[in-house]
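A.B. asks: Given next are the chains, with one letter for each unit.
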Amino acid sequence: MTTPMPALVLRASEVIGRPVVTLSGELVAEVKDVVFERTGGRIAGFTLRNPGLFSRSRKDSLPWAGVHGLGRDAVIVADEAVFVATKELAPRKKARKADVLQDRVLTDNGRDLGRVVDVVLHGGTRMEVVGYEVEASEALGTAGQRVLIPLPDTVAVSGEHLIVPAAACEFVSDDLAGFGAAVDAFRSRLREGAS
Amino acid sequence: MLFSQARKRPVVNTATANRVARVDSFVVLPGPARVALLRLGKVSGAGTLLSWDDVQGFGPDAVTVATDAVIRPARDVLEQRAEDNDLEIVGKRLLSEQGTELGTVTDVDFDPETGTVTSLITKTDTISGQRLIGLGGYAAVVSA
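Residue numbers (the numbering used here), protein chains in the order written: chain V, 1 to 195; chain A, 1001 to 1144.
Zero decoy hints are in this set.
Covered stretches of chain A (chain V as the covering partner; in silico rule of three or more C-beta atoms under 8 Å from a C-beta of chain V):
id, stretch
1, 1097-1111
2, 1129-1143
Simulated restraints, written as ranges between beta carbons of each label pair:
id, chain 1, residue 1, chain 2, residue 2, range
3, A, T1104, V, E170, 38 to 48 Å
4, A, T1124, V, R104, 41 to 51 Å
5, A, S1143, V, R56, 29 to 39 Å
6, A, P1060, V, D174, 54 to 64 Å
Mimicking DMTMM-like on lysine to aspartate or glutamate, the simulated pairs with C-alpha atoms at most 20 Å apart in a straight line are:
id, chain 1, residue 1, chain 2, residue 2
7, A, K1042, A, D1054
8, A, K1123, A, D1107
9, V, K32, V, D79
10, A, K1008, A, D1107
11, A, K1123, V, D73
12, V, K59, V, D33
13, A, K1092, V, D73
14, A, K1092, V, E26
15, A, K1008, A, D1068
It should be emphasised that the hints constitute simulated quantities derived from the structure, not laboratory data. All figures in this text were calculated on a predicted structure; none of them were measured in a lab. Idealized CB from N, CA, C, for every residue including glycine.
Next up, chain V with everything else stripped away, as it sits in the complex (with noise of 0.2 Å):
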């Protein structure tokens, strides 16, 4: 069965600079940068600094975990009690820095669709990394532009690939307003071929 996923699809980079607000609705923080997981594709949480025109950077980060709500104009969050030590976020400072940016997709049945620029996710209170936008390689005959590829609900990731089903290819778009769909008909897909 698929679940429809509504068209609250954005890009990561997105959300930098989005006020972060509690549910009883204080402005707390601002979002100031996104920290990936080596690992998985994923997002481990936002850095932070206070809000304001010569806003500083704070110790402590948003954990993806700790995230209420993600739109277009803010990042809800229950309270500040969600936030953690920054290095807790990203133990290592290697970590911090080495992020799914600038690593190569690549299908599972070995071709090169582009270079990561940045990461799709499904806003709203049900979040989850969707996609991938690239800068496409000649794989995809639209070599040189950005498109968003889609992901399974699962990314196997290495140092320096991210594996995707060659099915991918099939469900790439140019924008993000029919991405969603693109999502859900890649996602069927799979469910489909592995019943």
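Given the coordinates of chain V, assemble chain A onto it according to the supplied hints.
C.D. replies: Frame of chain V; chain A shown alone:
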């Protein structure tokens, strides 16, 4: 009754029959959404707050109180913020718990019998008061 209709209503002391203040605005608290306090203007003393529980009647022509003593200053941090107008709901940004902005609160509908907030009104939408989760300095947050 809308906040916009109920503002500027005189507050009358029923013991002395004197007009003692004027309703300036409403302090809404969530869970469940209700008018918790009235912010008053044209008061004689130092305080400008009136608890909803101390309101005798919220009528079409006047708000009545039994004594002037119920008009008081803020008792805690939350009330101080309310008195400073930091928690004023009208004009506040409205956010869904999913992080999407739904507009600005332009008016609020409430039940003058109970103080229950029945709906939040924006330029394009009317949202049930039951959906109000939080109201802070930055936004009013509503459930999806």
